[in-house]
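Take these sequences, add in the hints, and give me the full structure.
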Amino acid sequence: MAAKPGHSVLSRLGNSLYARLGPWALPLVLLIVWQAMAQFGLLSTRVAPSPVSVVVAAWTLTLSGELFVNLGASFQRAIIGTVIGGGLGFALGILNGSSRRLEHFLDTTLQMARNVPHLALIPLVILWFGIDEAGKLFLVALGVFFPIYINTFHGIRSVDAGLIEMGGSYGLGRWGLFRQVVLPSALPSILVGLRFALGFMWLTLIVAETISATTGIGYMAMNAREFMQTDVVVMSILLYALLGKAADLAARALEARLLRWNSAYRAA
Amino acid sequence: MTSLSLPSLVPFIARAGRRPPLSSANPLDDDGSGRGVPLLLDGIGKQFGERQVLRDLSLDIPAGQFVTVVGRSGCGKSTLLRLLAGLDAPSEGRLHGAVSRDDVRIMYQDARLLPWRSVLDNVALGLAGPRKQVRAAALEALSQVGLADRANDWPGVLSGGQRQRVALARALVHRPRLLLLDEPLGALDALTRIEMHALIERIWREEGFTALLVTHDVTEAVVLADRVVLIEDGAIVLDEEVSLPRPRDRADPEFGRLENAILGRVLG
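Quick mapping for you: the protein sequence lines, in order, are chains R and Y. For the record, in the first sequence the residue sitting at position 136 is 136 according to my numbering, with numbers rising by one throughout. So my numbering is basically just the index in the second sequence, starting at one, shifted up by 268.
These aren't lab readings, by the way, just hints derived from the structure by calculation. A hint or two may mislead.
Unchecked claim - Derived pair list, reagent style SDA-like, types lysine to any residue, alpha-carbon separation capped at 25 Å:
#	chain 1	residue 1	chain 2	residue 2
1	Y	K400	R	P184
2	Y	K400	R	G173
3	R	K245	R	P51
4	Y	K400	Y	Y376
Below, the structure written as structure tokens:
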């Protein structure tokens with residue numbers, strides 16, 4: 001083993017390159033093929049722009065500041081809508097999860113509302129709110145409400161009754177039981193709801209912004225379509241992908257932090 | 269935050285400093301008063317719907333006595349323990365000398381630790397007061413069960429026996445005057461049980477609380493008890509004093525005779 005130390009260092013380096021770059025090999029090859037096809041005129045820019053022109057479009061929009069204005073607008077809608085809808089879903093999930101009586105009165109209504117695809121409300125939303133910010137926030141809030149509501153409710157309902165009995169006999173009051181036993185126990189489920197909600201958040205935002213907006217990534221894409229700027233359209237799509245990935249990473253980081261007691265979530 | 273007030277903790281912390289050394293055999297030495305409570309059960313009965321679980325149960329338990337209740341599954345022994353814990357109310361009869369809920373602590377068959385709190389914070393559950401003092405009290409209880417070095421671990425990484433020791437520390441930190449043990453060793457392996465017997469006996473002698481252990485293991489009952497009570501179909505059918513010297517020698521012929529007599533009675 002000790003005879004060829006150089007070899008083992010090299011092979012370890014090779015292994016780590018393989019592990020890190022392996023997953024990216026196929027996208028890279030596709031990108032190169034795509035660029036080559038665009039370069040040799042096999043692919044019309046009306047169908048798809050070359051990867052390089054997408055990068056150039058991103059750079060131009062960055063320099064003009066347009067990119068950040070639109071990114072900021074979308075981001076703001078995403079956050080505000082999620083805080084409102086997620087907050088309501090969380091609160092109702094906790095109330096209905098803790099009280100059979102409230103569940104009796106509210107759950108049927110919520111289950112009916114849940115089965116209406118929220119994007120089906122777009123015509124109504126435009127009538128109610130016009131093409132203002134409020135309409136888009138309403139849709140995003142509605143989109144994130146249900147995944148958070150359902151998972152919070154489920155999390156609260158699945159708390160181990162033995163732990164609640166133990167907490168009660170060890171002197172915890174109602175608030176203490178909620179804060180120290182019920183909420184932490186429901187947290188894994190609530191965070192699953194959050195991750196679903198983040199998916200719905202971007203989906204709703206994309207649709208809402210392409211229908212009616214004067215800022216935002218969706219607006220940027222629709223605007224570019226009018227002028228057949230396929231490079232900007234593709235860049236917008238890529239931006240959504242990146243934002244979605246970023247939201248997912250943030251949710252995972254939250255899980256790794258809040259659920260570090262649970263070996264299934266502990267960061268590797 | 270909790271129902272345990274600061275004044276109830278302060279005497280404990282003051283006392284912890286001058287706790288008698290481990291060799292002290294007499295629990296009454298502690299602070300002059302002795303800390304166990306006497307219990308008097310007078311014609312206790314308990315019904316769940318049509319089913320009579322306990323009938324006309326009378327028992328006079330002096331302060332500081334270690335009583336084990338044995339019987340087959342479903343004989344009503346766990347119901348009796350829940351009545352004493354104040355988790356259920358008797359349908360008939362009276363419970364005299366009932367202590368306040370702050371004076372009673374239970375150890376369950378499963379440790380019922382909160383997986384999202386460290387071992388130390390589990391022991392500190394329900395203790396009020398300045399954080400530093402609470403931690404010191406919890407650490408003291410942990411060292412009593414020999415687990416001070418695991419204070420910062422998650423409960424999930426402990427073995428079954430260690431979890432029950434943490435649960436025991438969590439009960440001890442409240443300085444209970446009545447400790448109820450609901451088959452706490454039922455899920456442990458034979459060697460760990462023997463260790464736990466010695467630990468529970470030692471702590472009972474140090475602390476002087478009244479102890480009531482529910483078990484279906486007759487050997488365990490004879491090892492630990494001052495008095496073995498056999499319940500059959502909700503009624504006491506045997507009430508046997510065990511006067512063997514402690515710690516008890518399982519090889520002692522008298523031990524074997526007693527064990528066999530009780531086992532024979534259980535099996536009918």
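Against the structure, the hints:
no., hint, result
1, K400(Y) x P184(R), "23 Å, holds"
2, K400(Y) x G173(R), "22 Å, holds"
3, K245(R) x P51(R), "20 Å, holds"
4, K400(Y) x Y376(Y), "28 Å, violated"
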